[in-house]
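Asker: Listed below are the residues making up each chain.
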Amino acid sequence: MSMSMDGSHDTECEEMELFQRHVAERFAELLSCTDEPEAFMSIGWLRKLLDEFLCCEAEFKAVLLMGRDPFQIAKPPLDKLLPELLDRIIKSLDVCNAVSLGIDSLRNIQRLAEIVLSALDQTLIGDGQVRRAKKALSALLSAMLHEDKDGGITKGTERSRSFGRRGNKDKDRSAAAPFRSLSWTMPKNWSAAKQIHAMSSNLAAPRGNESSGLALPVFIMNTVLVFVLWTLVAALPCQERNGLGTHFQMPRNLSWAQPITALQERISEEWKKKEKKGTVGLLEEMQKMEKIAQWLLDFADSFQFPAEADKLEEVKAQVEELADICRKMEEGLEPLQLQIREVFHRVVRTRTEFLHVLDQAAKLNIPAS
Amino acid sequence: MDDHKSEDQHLVAAAQHILKALAASKAVSDDLRKTLLDFDIHLSAMSIVERSIKQLERKIKFAEGKIMTWKAKNSMIWDCGSKESSEYLEAVSEIQAAVHNLQSLNEHDKELLGRANGILQVAMAKLEEELVHILVKHKQYLEPESFANEAGSVDLVNPALIPDLKSIANVMFGSKYHQEFCQTFISSRRDALDEFFVVLEIERFSNENVMKMEGNCLNREIKKWIRAVKIVFQVYLVAEKRLCKQILGDFNDSVYQFCFAEITLSFVLKLLNFGEAVAMGNRSPEKLFCFLDIYEVLENLAVYVDILFFEEFGSFVRDEFHKLLNKFGEASKFTFLAFKNAIANDPSKARFPGGGVHHLTKYVMNFIKTLAEYGEALNLLLADETPADPEGNDDDDSHPLAGEFWSVAATLESNLISKSKLYKDVALQHVFMMNNIHYMVQKAKSSELSLVFGDRWLRRHVAKFRDNARSYERVTWGPILSILKQENAELNCTSSKENLKKKCKDFNASFSETYRSQTGWYIPDTELREDVQISISQKVVHAYRQFTGRYSSTIDEKWKKHTVDDIENYVLDLFVGSPKSLHYFSSSAQILKRDKSV
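Heads up: the protein sequence lines correspond to chains E and Z, in order. In terms of the working numbering, the first sequence is residues 12 to 380. In terms of the working numbering, the second sequence is residues 27 to 624.
Please keep in mind that the hints were generated in silico from the structure rather than gathered at the bench. One or more of the hints may lead you astray.
[Unchecked claim] List of simulated lysine-lysine pairs, DSS-like, C-alpha gap at most 30 Å:
#1 Z:Lys249 with E:Lys199
#2 E:Lys285 with E:Lys199
#3 Z:Lys165 with Z:Lys238
#4 E:Lys205 with E:Lys59
#5 Z:Lys165 with E:Lys199
#6 E:Lys91 with Z:Lys359
#7 Z:Lys313 with E:Lys299
#8 E:Lys199 with Z:Lys250
#9 E:Lys72 with Z:Lys238
#10 Z:Lys238 with E:Lys91
#11 Z:Lys450 with Z:Lys529
#12 Z:Lys349 with Z:Lys271
#13 E:Lys72 with Z:Lys395
#14 Z:Lys375 with E:Lys86
#15 Z:Lys313 with E:Lys86
#16 Z:Lys163 with E:Lys199
#17 Z:Lys469 with E:Lys59
#18 Z:Lys238 with E:Lys199
#19 Z:Lys163 with E:Lys374
#20 E:Lys374 with Z:Lys450
#21 E:Lys374 with Z:Lys395
#22 Z:Lys359 with E:Lys374
#23 Z:Lys238 with E:Lys86
#24 E:Lys374 with Z:Lys529
#25 E:Lys374 with Z:Lys80
#26 E:Lys72 with Z:Lys587
#27 E:Lys302 with Z:Lys349
#28 Z:Lys375 with Z:Lys490
#29 Z:Lys238 with E:Lys374
#30 E:Lys374 with Z:Lys366
#31 E:Lys327 with Z:Lys152
#32 Z:Lys202 with E:Lys339
#33 Z:Lys359 with Z:Lys469
Computed from a predicted structure; not experimentally measured.
Using the sequences and the hints, build the whole thing.
Answerer: If you want it as structure tokens, here you go:
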């Protein structure tokens with residue numbers, strides 16, 4: 012507050028440069044992640060994404076709040092930009108909740124997959140095991156493809172739908188129990204796609220002389236926030252993802268934005284491909300599991316005891332992969348859920364802090380009575 | 027097939043016969059004899075195995091009959107009475123045992139084993155259906171009202187069916203189909219829990235919705251939510267956990283704990299989310315009671331939550347609950363601080379007409395009166411932050427909240443003093459302070475607050491407003507009384523007549539002036555008003571009576587505008603808040619000074 016204009020200005024510029032560079036570096040690292048256990052769009056990768064987000068958020072707060080006069084963040088253009096960010100934060104909380112519920116349905120899918128493992132991870136595979144596996148596989152595939160509507164919670168393995176290729180005469184069709192799909196998820200008309208759309212609208216890069224001031228870190232934070240949430244929605248099941256936007260007006264010439272743009276383009280590509288088939292979501296583990304589940308279901312449909320040795324070898328291989336995916340889910344889903352919750356709490360706290368500072372600034376403006 | 031078997035058996039018997047004969051022969055060496063006898067034993071074992079397998083086959087066939095018959099039916103076993111269900115379970119146990127035995131026999135009859143496993147799977151699938159059916163059919167719907175009376179002894183599923191559920195669990199676990207059991211059980215119970223939301227009339231709101239809710243609507247939802255939270259943690263979830271334990275308690279503890287956690291985790295988080303949204307709301311002083319309400323409730327429920335979710339499986343829920351509790355604690359503290367700041371910064375722009383009780387005083391005192399009801403919660407929250415008491419009211423016997431409340435009162439007083447300075451008339455400043463401090467004392471004497479403020483504070487503040495009363499008298503009536511006073515020296519002065527005339531004029535003017543302004547002043551409390559009037563009367567009327575009496579001979583009637591009685595009556599007009607004036611028909615320029623009080 013009593014620093015010389017020049018001195019404080021220089022430090023400020025430096026801080027902002029660093030912030031931009033760090034953002035670029037973090038997302039560049041995410042872009043280059045291709046190997047297990049952090050393969051692109053895997054549970055491990057998402058956890059890394061959230062880690063990076065929390066780092067960006069912390070740095071953003073430091074840049075904007077530390078050692079700064081409250082008045083500085085209350086004057087234009089921040090007087091309008093900050094409340095917008097805080098409003099986006101509120102919207103993002105609902106997305107966090109929706110995605111967290113989505114992880115519940117993933118856990119459910121994991122349990123079904125584990126039943127398949129119990130059934131097929133045997134030396135002797137007979138009719139009994141195959142029927143058992145088939146029941147669980149049908150339920151699993153059904154859960155994957157209908158998650159967004161029903162809330163994704165499969166009712167045991169009771170499913171009257173069959174996904175085998177062999178017609179619909181499922182000999183193990185059980186009388187569909189009268190389960191209500193009354194799972195209290197998000198409010199009835201809430202849509203993740205719409206929410207993300209609302210968050211990304213009005214997100215415009217600062218122009219002119221605003222682009223060197225505090226408006227820039229605010230814009231960066233907004234962009235990062237929207238991108239991360241969009242990625243989560245694309246990866247994990249959550250209510251009403253239909254129509255998830257894939258086009259963002261990303262600034263082309265800003266260096267910090269390039270890794271994010273590249274990631275966003277890659278994810279968009281994948282999303283468009285999948286949207287045609289049906290929304291399983293882009294989570295790597297789910298993608299893999301879907302393929303395996305479909306293969307195993309085909310095997311189950313055409314099974315005759317005893318199976319040929321080489322077929323059994325293939326089954327074994329598929330089952331091993333499935334076991335691997337289940338392991339990853341067992342290890343990673345809960346921590347992922349905890350992280351999302353952490354993001355929730357952090358941005359709430361950030362919002363409170365900013366409100367507090369803005370409040371202080373407002374008080375300073377009132378002429379002394 | 028049987029022919030082959032009996033052929034084999036004949037062969038074996040023949041072989042054994044030969045072996046025994048050979049072994050008994052003297053021509054055979056010891057080693058050879060040993061080998062032959064071993065072989066004999068092997069063949070015997072084979073026979074046993076063969077016989078066992080035959081037995082198993084029979085059992086499997088019998089059980090298969092039962093199980094396949096039920097597969098073809100559309101009805102539920104458990105609807106048909108306990109004989110049917112126990113027979114069915116027996117059949118399943120037979121198959122289970124058969125599988126186990128076949129697996130442990132060295133001789134693997136793959137076909138038979140496969141058949142047994144197949145039958146087992148059919149039975150398991152059927153049992154899954156039965157499980158769902160029982161859980162749904164015998165679910166007990168309970169009204170929230172009934173919960174209030176039966177805390178803890180509520181049954182979510184008809185207790186008569188518990189043994190059946192246990193049997194099914196045992197059989198499915200024994201067959202290594204525990205995953206299906208748990209999955210089905212958990213799903214069914216989750217559905218029941220979701221239904222309970224409807225019973226509680228809890229709607230789903232997004233965070234955005236909650237943040238936008240207006241006062242009444244928000245309060246209504248909060249009330250519903252508080253009610254829900256109490257029932258859920260104190261009754262429903264306790265019952266749910268008991269149910270899990272009853273059905274699955276025979277197995278490893280982690281089983282029922284796991285199921286309970288899976289059933290309840292999502293539901294509890296959804297429930298808490300509403301609280302999260304409320305905690306983020308704006309922090310204006312009016313919200314303080316709302317935050318404290320919720321804080322109190324959550325604080326009381328913490329112990330239930332800790333017990334319900336003390337295992338590892340439940341640590342997430344426990345943590346989130348405590349985080350939410352802390353958020354409301356912080357919100358309360360912050361809002362309380364905002365309240366104090368609002369008092370301190372209340373702008374003093376316009377003079378408060380009449381010098382009566384300011385709305386700020388009323389607002390603050392009523393606010394803290396309500397606040398005193400949250401004594402316990404506030405105590406927990408503000409324990410570390412009690413400000414030092416500058417007035418030394420502190421005492422070992424003080425109420426724990428005394429410090430905070432004294433501090434609030436002191437802040438209010440401070441602000442009131444600023445407001446009083448807006449009056450140019452010093453007398454009015456005193457009247458204003460007297461009125462307001464008196465009001466504070468009256469409120470502080472009431473039930474809850476008196477315990478908090480304590481006797482010493484009350485005594486001090488009674489003294490304060492009395493001080494102000496006296497100061498007012500001094501400022502206003504002092505000069506007037508000194509007019510009526512007579513110095514001894516003037517008694518027999520020849521100019522005393524002139525003197526007296528002047529005195530009368532001065533008195534009339536001053537009194538009239540005072541009357542004009544101070545009839546418009548206001549002391550709302552009638553008792554206080556009377557006290558002040560009486561005090562004035564005692565001095566002024568007395569002095570006037572003395573003055574007019576002593577010099578009655580000298581004083582011209584014309585100079586005296588008022589009788590003693592008049593004066594007495596006029597005093598009663600003061601501080602009533604309706605301005606009056608005394609009209610004189612004097613033609614001489616008695617410039618009535620401009621009313622200084624307004």
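Asker: Holds or violated: Lys238 (chain Z) with Lys86 (chain E), Cα cutoff 30 Å?
Answerer: Holds, at about 25 Å.
Asker: Take the C-alpha atoms of Lys359 (chain Z) and Lys469 (chain Z), compute the straight-line distance between them, and say whether it is at most 30 Å.
Answerer: 24 Å, holds
Asker: Can the restraint linking Lys374 (chain E) and Lys529 (chain Z) be considered satisfied, given a maximum Cα separation of 30 Å?
Answerer: Distance of about 55 Å is beyond 30 Å: violated.
Asker: Just to be careful, I want the Cα atoms of Lys199 (chain E) and Lys250 (chain Z) compared with a cutoff of 30 Å; is the pair within it?
Answerer: 20 Å, holds
Asker: Below or equal to 30 Å on CA atoms is what counts here, so check Lys313 (chain Z) against Lys86 (chain E).
Answerer: 28 Å, holds
Asker: Given the hinted pair Lys327 (chain E) and Lys152 (chain Z), is their Cα-Cα distance within 30 Å?
Answerer: Cα-Cα ~28 Å, so holds.
Asker: Is Lys238 (chain Z) close enough to Lys199 (chain E), meaning Cα to Cα at most 30 Å?
Answerer: Holds - the C-alpha atoms of Lys199 (chain E) and Lys238 (chain Z) are around 17 Å apart, at most 30 Å.
Asker: For a C-alpha distance cap of 30 Å, please report whether Lys202 (chain Z) and Lys339 (chain E) respect it.
Answerer: 23 Å, holds
Asker: Do the alpha carbons of Lys72 (chain E) and Lys238 (chain Z) lie within 30 Å of each other, as the hint requires?
Answerer: Holds, at roughly 26 Å.
Asker: Going straight from one Cα to the other, do Lys165 (chain Z) and Lys199 (chain E) come out at no more than 30 Å?
Answerer: 26 Å, holds
Asker: Checking one constraint from the list: CA of Lys469 (chain Z) to CA of Lys59 (chain E), max 30 Å. Satisfied?
Answerer: 59 Å, violated
Asker: Sort out whether Lys199 (chain E) lies within 30 Å of Lys163 (chain Z), counting only the CA atoms.
Answerer: 28 Å, holds
In this structure, the hints that do not hold are numbers 3, 7, 13, 17, 19, 24, 25, 26 and 27, in rising order.
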